[in-house]
Each structure stands twice: as structure tokens, then as C-alpha cells.
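There are 2 protein chains.
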Amino acid sequence: MKILNSIPKNDGYYMPAEYDKHYGCIIIWPERADSWQYGAVKARKAFSEVAKAISKSEKVTVLVNYEAYDTAREMLPENIRVIEMSSNDSWARDYAPTFLKNDKGKIRGIDWYFNAWGGLYDGLYFPWDKDNKMAKKICDLYDIDIYNMSNFVLEGGSIHVDGEGTIITTEACLLSKGRNPNMSKTEIEEKLKNCLGAQKVIWLKRGIYNDETNEHIDNICAFVAPGEVVLAWCDDKNDPQYKMSKECFNILSKETDAKGRKLKIHKLPQPEPIYMTKHECDGLINFEGEPTRTETERLAASYVNFYISNNAIIMPGFNDKNDIKAKEILKNIFKDREIIQIYARDILIGGGNIHCITQQIPYFKET
Amino acid sequence: MKILNSIPKNDGYYMPAEYDKHYGCIIIWPERADSWQYGAVKARKAFSEVAKAISKSEKVTVLVNYEAYDTAREMLPENIRVIEMSSNDSWARDYAPTFLKNDKGKIRGIDWYFNAWGGLYDGLYFPWDKDNKMAKKICDLYDIDIYNMSNFVLEGGSIHVDGEGTIITTEACLLSKGRNPNMSKTEIEEKLKNCLGAQKVIWLKRGIYNDETNEHIDNICAFVAPGEVVLAWCDDKNDPQYKMSKECFNILSKETDAKGRKLKIHKLPQPEPIYMTKHECDGLINFEGEPTRTETERLAASYVNFYISNNAIIMPGFNDKNDIKAKEILKNIFKDREIIQIYARDILIGGGNIHCITQQIPYFKET
Chain A
1 MKILNSIPKN
11 DGYYMPAEYD
21 KHYGCIIIWP
31 ERADSWQYGA
41 VKARKAFSEV
51 AKAISKSEKV
61 TVLVNYEAYD
71 TAREMLPENI
81 RVIEMSSNDS
91 WARDYAPTFL
101 KNDKGKIRGI
111 DWYFNAWGGL
121 YDGLYFPWDK
131 DNKMAKKICD
141 LYDIDIYNMS
151 NFVLEGGSIH
161 VDGEGTIITT
171 EACLLSKGRN
181 PNMSKTEIEE
191 KLKNCLGAQK
201 VIWLKRGIYN
211 DETNEHIDNI
221 CAFVAPGEVV
231 LAWCDDKNDP
241 QYKMSKECFN
251 ILSKETDAKG
261 RKLKIHKLPQ
271 PEPIYMTKHE
281 CDGLINFEGE
291 PTRTETERLA
301 ASYVNFYISN
311 NAIIMPGFND
321 KNDIKAKEIL
331 KNIFKDREII
341 QIYARDILIG
351 GGNIHCITQQ
361 IPYFKET
Chain B
1 MKILNSIPKN
11 DGYYMPAEYD
21 KHYGCIIIWP
31 ERADSWQYGA
41 VKARKAFSEV
51 AKAISKSEKV
61 TVLVNYEAYD
71 TAREMLPENI
81 RVIEMSSNDS
91 WARDYAPTFL
101 KNDKGKIRGI
111 DWYFNAWGGL
121 YDGLYFPWDK
131 DNKMAKKICD
141 LYDIDIYNMS
151 NFVLEGGSIH
161 VDGEGTIITT
171 EACLLSKGRN
181 PNMSKTEIEE
191 KLKNCLGAQK
201 VIWLKRGIYN
211 DETNEHIDNI
221 CAFVAPGEVV
231 LAWCDDKNDP
241 QYKMSKECFN
251 ILSKETDAKG
261 RKLKIHKLPQ
271 PEPIYMTKHE
281 CDGLINFEGE
291 PTRTETERLA
301 ASYVNFYISN
311 NAIIMPGFND
321 KNDIKAKEIL
331 KNIFKDREII
341 QIYARDILIG
351 GGNIHCITQQ
361 IPYFKET
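Residue numbers (the numbering used here), protein chains in the order written: chain A, 1 to 367; chain B, 1 to 367.
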């Protein structure tokens, strides 16, 4: 593994779209007691279901702290690799490397700085040192080179790309005070384009209501094809999400992508508001200084938080009346892929969803 | 990774000789304070030299505890993979899997039970749980299947094979009370033949004087080709090694291998007796209950403890007058391989040598 200090765009590397062919997928096993209720039992079952669904068409590697290796190995089928790697929590999307490829079929990773979604300003836990080391260690594992971007705070869940020069993100997250407060919007945009080999950044204002990541893009809007996005949608004017989604829609309607195309917008309905239960709150054990979670907390549920595997869409379900409707919409978009819906409340409680706990590795030619 | 409970020999699998083509090599990074003096600084340098020498002709992967990943990554060149994996100490020969192959180019591992060279009877440290888990985890890493032989205590350093049906070992080790005291010699022999796909076991009585592994074969005698061995040799009748080596020579002289061949025996001279220094003893920090090491302790040095890489022999040197002689003997045996001699006192202090800290992976076709 070479550690590179050059600019990916200048080296001919770019981030491919998630709907491009994958080599495999990385998942990190859930463990910490303040994220995953009652010993993470239900979360581990849900993570396992996601891993199994993805492993139907790509090689899944699950990374796990030393102490949990045995249970992970026991719960996961033999076609899934389980490898020890220390982490603070289990958000592969946010701190596994962002993978890039070039036109010769080689891939490289990016090592952003990860500070638990806001560091000491408004981050969600401390310390985050193990998470922050993972991108490098994962590139070492796959024996690929890595770009050192440790001077820039970013999580993988805060960006989506179409693979043809367009990046989409949210201002709420990327311009937040806990990330890169000394950089201007223009500087951040330049950084993204250089790192991801892109020409244009589309900025939405906000994401999903009460999303504690400062409103990551991957919960509100995702590319499903070049020139096409899905957008989390809410018809209830009394729901704070209504305005947030409407504002996104207005921006997207007026925008063009890097190739000059107008965007086709598919609205994905939101589930009814979902709240923590008392039983769930009681199943969490806080670390020193952390706020206690309560039943009044609305969870940032969204059907947009799906993973695109080589032959399927792995999407969340919430036992909500819109589960089937959302599934049908995605089926109409992804006609060649199976739509696998997994009951995801036990992932949602931890603060994210299926897209957040996965990171695709683009297909590459091994040397 | 499938966990198999069948018998390797019946499945067409056997252990290839070390001089067969390799896919790569595994090394475990030294750390523990009772094995490696003064923070393992010199040991890490020596391990790095070994890793670098091997990496000239095969892919080296260094496994390291979480805490030491950063220093390992810093000390090792970029062509060597560094991967986090918890261990109690750093003897890849003894608890990385014993790798087998079949005639279709597939490989599998064996997961023996490891109990730190004698368990609670005369083992060298406690606990050994992390070491004992490594074989399985390494097979998971390489995505290959593994035979569960956890009902049998064995270390990789206690066996050598010619790859053509012959195993060589020592009675001092394999019949020791701390390993499989309820099995007869015949039962142990049968187990070895079944697991390693072999037809014959040659039993030497003993190994190197004061070898705390209960005298592993890999410190006293090694196959260098089918029908050919090297044997650690001592001409000084006042040295306890004299009788031990002579007895081995007598057995080997009368033996034939699995193919009925007489053995050609190359004598490798021993270095002059080597003792711990006070400074070295002072640099070790004991765990509870461990005996203090002293200057009177003779170290089990031997030139036989070399590693055969794809294009080289990585052999120890001790700044001894026999360093050059031993090197020349190996050069005459391995005419097509470079002989790389590495000053190995800083490995020897830990209780083994270059062969003990390495484990080869046979060449295999990736699926």
C-alpha cells in the first residue's frame, strides 16, 4: 500500500457510481452499547440479513473487533469473510475508504479525516480514533494504494456521485461548524471535485429531519442512473420534512448535471414518523457525558438509504404502509435488479440505515 | 470459509514441502514485554529485515495487534501488507495454519490446538487464547477452508515434511506431557499421517539443547530436498548438544523415507554457545508468576532455523565464526537460491528464530 499525496483527479482517478459493477462490499459489525440496544443482538441479526442479501452477488467482508469475532463468525454464513479490525462503531459508509477507479481497471482509496460527525463541536461520540484509522487499514487489507486526505473532514455518507462528473451533497452537513469551518464553500467544492474526479457539485440545503449526521445526502437523495435521482418525499405539510424535501425538489428541478442534463426526480414517500420506544431507550448504555436518549426522539427513517449491489437493491422496511409503495417505485427504476426489503428498525435505532452500514468496492483487476 | 471435520488425507490434501512454490508468507509482529527486550525495538528491526528479505520473491503479510499497527506500518515497506489481528505473541510457524494443497491447485488450512508449548503443564505463557484463534482467522482472511483439529495439540515448528509422504519430528516434543498425554505414539503418528497426507513419520529423539519448545524439529533438522536433510551438528564432546545431534544422525542414517530412499544428511555446524546478557535480561518485563530469566541461560541457537522463500534462503547469523561456514553449506545445497543471512540474536532472545516467526502459504489458484 502506497500512501499518496497527489490529487486523484490529476492521476486519472474518479469515484464511480454505486450502480457500477462492484468487486465487493465492506460491513462493520455492531457492538457499542450506546448505539445498539440490549447487547446489539437485534442489530447483529439485521446486519447479518443485509450482509447475506448483498453476498448473493458480491463478496462481503465483515470487519469486527477482536472480542466479537466469534459471534460474528457464528452468525454469518461461510461465504462471508469475517476479519478482525478495531473500530469505535459500525458505519462503513462513513469511514471505510471512498474508492476510486481509473480507466485501466485499477482502484485506489481515499482516507478522509473522520471525527464522528462533528468532532468536539457536535460529534456523536468520543474517541473516534479507531474508526479514523480504518480507511488506511482497509486499503492495506486489499493491497491497494490510498490518498491521504487527512486534512479534510468528510464521511462517505455525505456524498453521492453519478460516476459521470456530478457530485451531490448537502450544505447542512458539508458547511457544518464541526467539520471544515475554515474552508469556504468554494474551497470545499474544489476539494470534492479534485478528490472525486468530478466537474460539478449540486448542493441541496438540507436532508432528513433530525438526522444526527447533520443531514447526510445518502438519507435524502441518491443517484439511481446518470441524470436520475430519488428524493425522500413528504406530503404532510405539518411535518417538518415537508419543507425540507420541497426545497430539495426545487433545487433539483432547476439544476443540470455535469453533462448538462436536466435531472429526472423520482419521489420516494417517507414512512410515518418513527420514534424511539421506552424499551429501546432502556436497552442503551451511555458512556460518560453522553445525553440520554428519550421516547420523544424521532428517528431519521428514509427509504432512500438503500444499497445497490451487483444484482439487487437492499432497501429498508419499517412495517409501514409505504414499505410496499417505496419498493414498487424502486422496482420500476431498477428493472434488472431484485428488490430485497429488510426490516431495518434495529439499524435505524443506531442512527443510520442500510446505506450507512455498507461500503462498495468497485470492480477491479487484481495484480 | 468452511470449517471441515473430515480427514485431509481422505480429501486428497497434503502438506507440501517448504521448498515448493509459495503464494506468500505470514509473520506476526513482536510485542509482548516478557519475550522481547526493551519494547521490542531491536526485535522489530530484525523481524522487518526478515520480512523484507522474503518479500523479494513472495507476498508478505504481517499481522499485528491493534496498538502496534501504526509502528509496524511505519517500519515495514509499502510492498508488505500490514493487517490487524490480535495475538499473544509472534510465532507464525507455530499457530498460523499448517497449509495443505491438493493436485488441483487448491489449498486449505489446519487449525491445531495451540497451548503455548505445553499448556498448564510446562507451557511458556498464559493465556494463549488469541494465538489459538489465529489459524482460523487467517484462513478467513485468505478465504480458504479449514480443518478443525482442535482436539489435537500441535505447533507447526514441531513438524517438517518432504512433500512426498514423509514427516519428520521429535519425540521430546510430540510425546511431551503438556500436549497430547492421552494419545500413544502410534495414535499420534496416525493423526499426523492423516492430517498431513503422508505415509511415514521419522522420529528423532531430541532437538537443540535448552530449546524451550520441548525441542522442535525445525531447530535441529529440516528437509532441503526429497531424500535430503540438514542436521544441526556439534563436534565438541563436552557440549550436551554433541550427544543429541549424534543420536539424530544415527537414526537418520538408518532410516528411509516414504519412497524407500536412504537420506543424504548435510551437517550444519552449530554456533558457539550463546547466553543471555544481563542487559538483555534487564530489558524484559515479566507477567505474574513467570520465572525471571538470567545470564546463565543458554539460548537455543541453530542455523537450521532458516526459511525457504521462492528464491532465497533466509538464514540466521550470530556474529559467530561458523556464520560463513553454515552459509556456504546452504549455498551448496540450494544452488538456485540466494542465501540471505540476517543477524538474528534479537529474534533468538524471544525463544526462536527465522523459521519460527514465518509461515509459508503454498501457491494456489485464486477463485
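Some hints here could point you the wrong way.
[Claimed, not checked] Non-contacting residues of chain B with respect to chain A, defined by C-beta distances greater than 10 angstroms in every case (computed): (1) Y66; (2) R81; (3) K106; (4) K137; (5) G165; (6) R206; (7) Y275; (8) N286; (9) G351.
[Said to hold, decoys possible] Simulated restraints on C-beta separations: (10) B/N319 with A/K9: 31 to 37 angstroms; (11) B/N311 with A/N332: 57 to 63 angstroms; (12) B/E67 with A/E288: 21 to 27 angstroms; (13) A/D143 with B/I324: 35 to 41 angstroms; (14) A/N332 with B/N10: 51 to 57 angstroms; (15) A/I285 with B/E67: 23 to 29 angstroms; (16) A/Y363 with B/P77: 26 to 32 angstroms; (17) A/D34 with B/N311: 50 to 56 angstroms; (18) A/E297 with B/Y363: 52 to 58 angstroms; (19) B/C281 with A/N5: 55 to 61 angstroms; (20) B/N10 with A/E272: 56 to 62 angstroms; (21) B/N311 with A/K9: 28 to 34 angstroms; (22) A/Y121 with B/A33: 53 to 59 angstroms.
If you're looking for bench data, these hints aren't it; they were derived computationally from the structure.
Glycine residues also receive a C-beta, built at the ideal position from the N, C-alpha and C atoms.
Now the hints, each set against the structure:
| no. | hint | in the structure |
| --- | --- | --- |
| 1 | Y66 | violated, 4 angstroms |
| 2 | R81 | violated, 6 angstroms |
| 3 | K106 | holds, 16 angstroms |
| 4 | K137 | violated, 6 angstroms |
| 5 | G165 | holds, 31 angstroms |
| 6 | R206 | holds, 38 angstroms |
| 7 | Y275 | holds, 37 angstroms |
| 8 | N286 | holds, 24 angstroms |
| 9 | G351 | holds, 24 angstroms |
| 10 | B/N319 with A/K9: 31 to 37 angstroms | violated, 53 angstroms |
| 11 | B/N311 with A/N332: 57 to 63 angstroms | holds, 58 angstroms |
| 12 | B/E67 with A/E288: 21 to 27 angstroms | holds, 22 angstroms |
| 13 | A/D143 with B/I324: 35 to 41 angstroms | holds, 37 angstroms |
| 14 | A/N332 with B/N10: 51 to 57 angstroms | holds, 53 angstroms |
| 15 | A/I285 with B/E67: 23 to 29 angstroms | holds, 25 angstroms |
| 16 | A/Y363 with B/P77: 26 to 32 angstroms | holds, 28 angstroms |
| 17 | A/D34 with B/N311: 50 to 56 angstroms | holds, 52 angstroms |
| 18 | A/E297 with B/Y363: 52 to 58 angstroms | holds, 56 angstroms |
| 19 | B/C281 with A/N5: 55 to 61 angstroms | violated, 44 angstroms |
| 20 | B/N10 with A/E272: 56 to 62 angstroms | holds, 59 angstroms |
| 21 | B/N311 with A/K9: 28 to 34 angstroms | violated, 39 angstroms |
| 22 | A/Y121 with B/A33: 53 to 59 angstroms | violated, 39 angstroms |
Checked against the numbered hints above, the structure violates hints 1, 2, 4, 10, 19, 21, 22; every other hint is satisfied.
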